[in-house]
Amino acid sequence: MTKRSSWALPYAIFLVLFVALPLILIMVYAFQDGSGNFTFGNFTKFFKDADAIGTFALSLEVAIETTAVCILLGYPAAWILANRKLNKSAVTIVLFIMPMWINALMRTLATAELFHVLGVQLGKGTLLIGMVYDYLPFMIYPIYNILNKMDKSYAEAARDLGATPWQVFWKVQVPLSMPGIISGVMMVFMPTVSTFAISEFLTNNKIKLFGTIIQENINSSMWNYGAALSLVMLVIIGITSLLQDNKKEVSGGTV
Amino acid sequence: MKRILAKCYIWLLLAVLYAPIVFIAVFSFTESKVLGNWTGFSTKLYSNLFTGTMQGTGSLMLAIKNTLVIALIAATVSTLLGTIAAIGIHNMRGKGKQAMTFLNNIPMLNPDIITGVSLFLLFVFLHISQGYLTVVLAHITFCTPYVVLNVLPKLTQMNPNIYEAALDLGATPFQALRKVLLPLLKPGMISGFIMAFTMSLDDFAVTFFTRGTIGLDTLSTYIYTDARKGGLTPELRPLITLMFVGILILLIVINIRQIRNSSNDEE
Chain A
1 MTKRSSWALP
11 YAIFLVLFVA
21 LPLILIMVYA
31 FQDGSGNFTF
41 GNFTKFFKDA
51 DAIGTFALSL
61 EVAIETTAVC
71 ILLGYPAAWI
81 LANRKLNKSA
91 VTIVLFIMPM
101 WINALMRTLA
111 TAELFHVLGV
121 QLGKGTLLIG
131 MVYDYLPFMI
141 YPIYNILNKM
151 DKSYAEAARD
161 LGATPWQVFW
171 KVQVPLSMPG
181 IISGVMMVFM
191 PTVSTFAISE
201 FLTNNKIKLF
211 GTIIQENINS
221 SMWNYGAALS
231 LVMLVIIGIT
241 SLLQDNKKEV
251 SGGTV
Chain B
1 MKRILAKCYI
11 WLLLAVLYAP
21 IVFIAVFSFT
31 ESKVLGNWTG
41 FSTKLYSNLF
51 TGTMQGTGSL
61 MLAIKNTLVI
71 ALIAATVSTL
81 LGTIAAIGIH
91 NMRGKGKQAM
101 TFLNNIPMLN
111 PDIITGVSLF
121 LLFVFLHISQ
131 GYLTVVLAHI
141 TFCTPYVVLN
151 VLPKLTQMNP
161 NIYEAALDLG
171 ATPFQALRKV
181 LLPLLKPGMI
191 SGFIMAFTMS
201 LDDFAVTFFT
211 RGTIGLDTLS
221 TYIYTDARKG
231 GLTPELRPLI
241 TLMFVGILIL
251 LIVINIRQIR
261 NSSNDEE
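Chains as they are written, first to last, in this note's numbering: chain A, 1 to 255; chain B, 1 to 267.
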């Protein structure tokens, strides 16, 4: 059996070439100027650029708000779906999962068109609503999964021991469903903080998000500045994924 | 009372969630150029889409073909690469295994835009001109981890003695692989393939950064460009509707399969 560990070799080479090296290249390009000399210039440029900083802050704000609204709307929905007394049919669950399988770009365009026809002014409000539309299923699904697997006797025990329904919810159910919430936060926060096309459609190009700035710089051959901005985003993503560390129990995104 | 309230909440949420897509589907059955303006029932947009009388149909059909071909190649290569890798990783120990698992997780954790930009820089760095090949390579990069993740559990569940028994009974390693190992891994490979295929179909950002400037379009990039030019082309309404129905059917089939599989497991 031991010989067969060598079967991983082709993929190991592939991973180094297409995953590790590209990430290293982001760092290399981020600390270089146009002619390949070492510099911190790309980062000082970013921190001095009030527009870029503003966009960065706005992106974080929109991502945090979207995630918060998704938790507020999604948790009750997941709870109802996982509750056998309230929901017996599997159809509703499939209906909630299905949007995850449809191209986000298409769903966003449909949403933007609907706003347009309803005469809603495109702006920050529509951006938030549209993002919640796009990512709510990604919050519901992991929470539903964990609530569905949860041992109901914990809640019963708490009730028998005299806890009020409110206490049962906050002291038993929420802590036990934390891995699901964390997965949901990752699956909503990560794409919203890094999106570029979606925000363009939902605001009619009025509001720029951080992803759009990265895309514009890369497309106009400002690779070094683009790489520096990508590195800033990678740091944000890295910090977010620390949330998850050992709590990999729920893997979302699959049906 | 609580039940009714809960049901109301769920169905209200679903209604709001599906409103845009239903809206597009409804207006795919009218000829009006402007969305939201009902000019009577008509299937003209559908026939336009299929007979190619709409503006720019050639490039749309090409984009659909590209999307499918790229997804098929990427999913097939990922399934092969991922399955072989999973067998290897399963037999690894210690640091090496940790490193492989870590690297394998990166493309799944990374946002699309980072994967896209990093691969773009790789191809610039290696002076590889970007086009079909680079898009396919990029898709294989973010698809393979899902195959590995689907095949690994099947290997852990497997009784290692079965493979040894086949060898003891005189099977060549290749026969043991084909007749014993592969059938056991097949369910994992199939779900890995399906996931890889849908991931590739769905991708926009990575394709956007790795397709170069040769004018290669997949459906996502086509729709992006089209919508940026000012509003959705009417013929895209029936296309979105059809894709929606297609995915609905696919999802139902997968769910039935899963239910059947889990009831088999229980037996």
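Just so you know, the hints here were simulated from the structure itself, not pulled from any lab data.
Careful: at least some of the hints might be erroneous.
[To be verified] Partial pick of chain A residues on the chain B-facing surface, computed with a CB cut under 10 angstroms:
#1 Arg4
#2 Val16
#3 Leu73
#4 Ile80
#5 Val94
#6 Ile102
#7 Val117
#8 Val120
#9 Gln121
#10 Gly125
#11 Met150
#12 Ser153
#13 Tyr154
#14 Ala157
#15 Met186
#16 Leu234
[As the list claims (entries may be wrong)] Derived DEER-like restraints, expressed as beta-carbon distance ranges:
#17 A:Gln244 to B:Leu12: 28 to 38 angstroms
#18 A:Gln167 to B:Lys229: 21 to 31 angstroms
#19 B:Thr39 to A:Ser35: 55 to 65 angstroms
#20 A:Ile64 to B:Cys8: 37 to 47 angstroms
#21 A:Ile53 to B:Leu182: 53 to 63 angstroms
#22 A:Lys171 to B:Leu182: 31 to 41 angstroms
#23 B:Gly40 to A:Leu118: 56 to 66 angstroms
#24 A:Ser35 to B:Tyr132: 26 to 36 angstroms
#25 A:Asn204 to B:Ala19: 46 to 56 angstroms
#26 B:Leu133 to A:Val28: 39 to 49 angstroms
#27 A:Asp151 to B:Lys179: 21 to 31 angstroms
#28 B:Cys8 to A:Lys171: 50 to 60 angstroms
[To be verified] Derived DMTMM-like pairs (lysine to aspartate or glutamate); straight-line CA-CA distance at most 25 angstroms:
#29 A:Lys85 to A:Asp151
#30 A:Lys208 to A:Glu61
#31 A:Lys171 to A:Asp160
#32 B:Lys7 to A:Asp33
#33 A:Lys85 to A:Glu61
#34 B:Lys2 to A:Asp160
#35 A:Lys206 to A:Glu65
#36 A:Lys45 to A:Asp33
#37 B:Lys44 to B:Glu31
#38 A:Lys208 to B:Glu164
#39 B:Lys65 to B:Glu164
#40 B:Lys229 to B:Asp217
Each residue gets a CB set at the ideal place from its N, CA and C atoms; glycine is no exception.
Right, here's what the structure says about each hint:
Look at Arg4 (chain A): its Cβ gets to within about 5 angstroms of chain B, closer than 10 angstroms, so that hint holds up. Annotation: interface hint on Val16 (chain A) holds; nearest CB of chain B at approximately 8 angstroms, less than 10 angstroms. About 7 angstroms separates the beta-carbon of Leu73 (chain A) from the nearest beta-carbon of chain B, less than 10 angstroms, and the hint is met. Satisfaction of the interface hint for Ile80 (chain A) is found here, the shortest Cβ-Cβ separation to chain B being roughly 4 angstroms, below the 10 angstroms cut-off.
For Val94 (chain A), the shortest C-beta to C-beta distance to chain B is roughly 6 angstroms, which falls under 10 angstroms, so the interface hint holds. Annotation: Ile102 (chain A) was flagged as interfacial toward chain B, and the flag holds, the nearest CB pair being 6 angstroms apart, inside 10 angstroms. Interface restraint check for Val117 (chain A): the shortest CB-CB distance to chain B comes to about 3 angstroms, inside 10 angstroms, so the restraint holds. With a least beta-carbon distance of about 12 angstroms to chain B, the hint placing Val120 (chain A) at the interface is violated under the 10 angstroms criterion.
Because the closest C-beta pair between Gln121 (chain A) and chain B is about 16 angstroms apart, greater than 10 angstroms, the hint is violated. Look at Gly125 (chain A): its Cβ only gets to about 15 angstroms from chain B, farther than 10 angstroms, so that hint breaks. The beta carbon of Met150 (chain A) comes no nearer than 18 angstroms to any beta carbon in chain B, farther than 10 angstroms, and the hint placing it at the interface is violated. The beta carbon of Ser153 (chain A) comes no nearer than 21 angstroms to any beta carbon in chain B, farther than 10 angstroms, and the hint placing it at the interface is violated.
At a threshold of 10 angstroms, the smallest CB-CB gap from Tyr154 (chain A) to chain B is about 21 angstroms, leaving the interface hint violated. The interface hint given for Ala157 (chain A) is broken, as the beta carbon of that residue sits about 22 angstroms from the closest beta carbon of chain B, more than 10 angstroms. Interface hint status for Met186 (chain A): upheld, as the beta-carbon distance to the closest one in chain B is roughly 8 angstroms, under 10 angstroms. With a least beta-carbon distance of about 6 angstroms to chain B, the hint placing Leu234 (chain A) at the interface is held under the 10 angstroms criterion.
The hint said 28 to 38 angstroms for the Cβ distance between Gln244 (chain A) and Leu12 (chain B), and at roughly 31 angstroms that hint holds. Checked against the hint of 21 to 31 angstroms, the C-beta distance between Gln167 (chain A) and Lys229 (chain B) comes to roughly 57 angstroms, which is inconsistent with it. Taking 55 to 65 angstroms as the suggested C-beta distance range, the pair Thr39 (chain B) and Ser35 (chain A) conforms, at roughly 59 angstroms. Range check, Ile64 (chain A) to Cys8 (chain B): Cβ separation about 29 angstroms, and the 37 to 47 angstroms hint is violated.
For the pair Ile53 (chain A) and Leu182 (chain B), the beta carbons lie near 55 angstroms from each other, so the given range of 53 to 63 angstroms is met. Against the hinted window of 31 to 41 angstroms, the Cβ-Cβ separation of Lys171 (chain A) and Leu182 (chain B) comes to about 49 angstroms, which falls outside the hint. With their beta carbons about 22 angstroms apart, Gly40 (chain B) and Leu118 (chain A) fall outside the hinted range of 56 to 66 angstroms. A hinted range of 26 to 36 angstroms holds for the C-beta pair Ser35 (chain A) and Tyr132 (chain B), which are about 32 angstroms apart.
For the hinted restraint 46 to 56 angstroms between Asn204 (chain A) and Ala19 (chain B), the CB-CB distance of approximately 20 angstroms leaves it violated. About 23 angstroms separates the C-beta atoms of Leu133 (chain B) and Val28 (chain A), a value inconsistent with the hinted range of 39 to 49 angstroms. Separated by about 41 angstroms at the C-beta atoms, Asp151 (chain A) and Lys179 (chain B) break the suggested range of 21 to 31 angstroms. Judged by the Cβ atoms, the range 50 to 60 angstroms given for Cys8 (chain B) and Lys171 (chain A) is violated: they are separated by roughly 28 angstroms.
Straight-line distance between C-alpha atoms of Lys85 (chain A) and Asp151 (chain A) comes to about 15 angstroms, which keeps the hinted pair within the 25 angstroms bound. Under the criterion of a C-alpha separation no larger than 25 angstroms, the hint pairing Lys208 (chain A) with Glu61 (chain A) is consistent with the structure, at around 13 angstroms. Of the supplied pair hints, the one linking Lys171 (chain A) and Asp160 (chain A) holds, its CA atoms being roughly 14 angstroms apart against a limit of 25 angstroms. A threshold of 25 angstroms between alpha carbons decides the hint, and for Lys7 (chain B) with Asp33 (chain A) the separation of about 59 angstroms lies outside it, so the pair is violated.
Distance hint between Lys85 (chain A) and Glu61 (chain A) is unfulfilled; the C-alpha atoms sit about 38 angstroms from each other, more than 25 angstroms. Taken as a hint, the Lys2 (chain B) and Asp160 (chain A) pair is honoured in the structure, with Cα atoms around 22 angstroms apart against an allowance of 25 angstroms. Using a Cα cut-off of 25 angstroms, the hinted pair Lys206 (chain A) and Glu65 (chain A) holds, with the two alpha carbons roughly 19 angstroms apart. For the hint pairing Lys45 (chain A) with Asp33 (chain A), the CA-to-CA distance comes to about 12 angstroms; that is within 25 angstroms, so the pair holds.
At most 25 angstroms may separate the alpha-carbon atoms for a hinted pair to count; Lys44 (chain B) and Glu31 (chain B) meet this at roughly 6 angstroms. At most 25 angstroms may separate the alpha-carbon atoms for a hinted pair to count; Lys208 (chain A) and Glu164 (chain B) exceed this at roughly 60 angstroms. Restraint check for Lys65 (chain B) and Glu164 (chain B): not satisfied, since their Cα atoms lie roughly 45 angstroms apart, outside the 25 angstroms limit. Of the pairs offered as hints, the one joining Lys229 (chain B) and Asp217 (chain B) holds, with about 15 angstroms between alpha carbons and a cut-off of 25 angstroms not exceeded.
This entry does not satisfy hints 8, 9, 10, 11, 12, 13, 14, 18, 20, 22, 23, 25, 26, 27, 28, 32, 33, 38, 39, going by the numbered hints stated previously.
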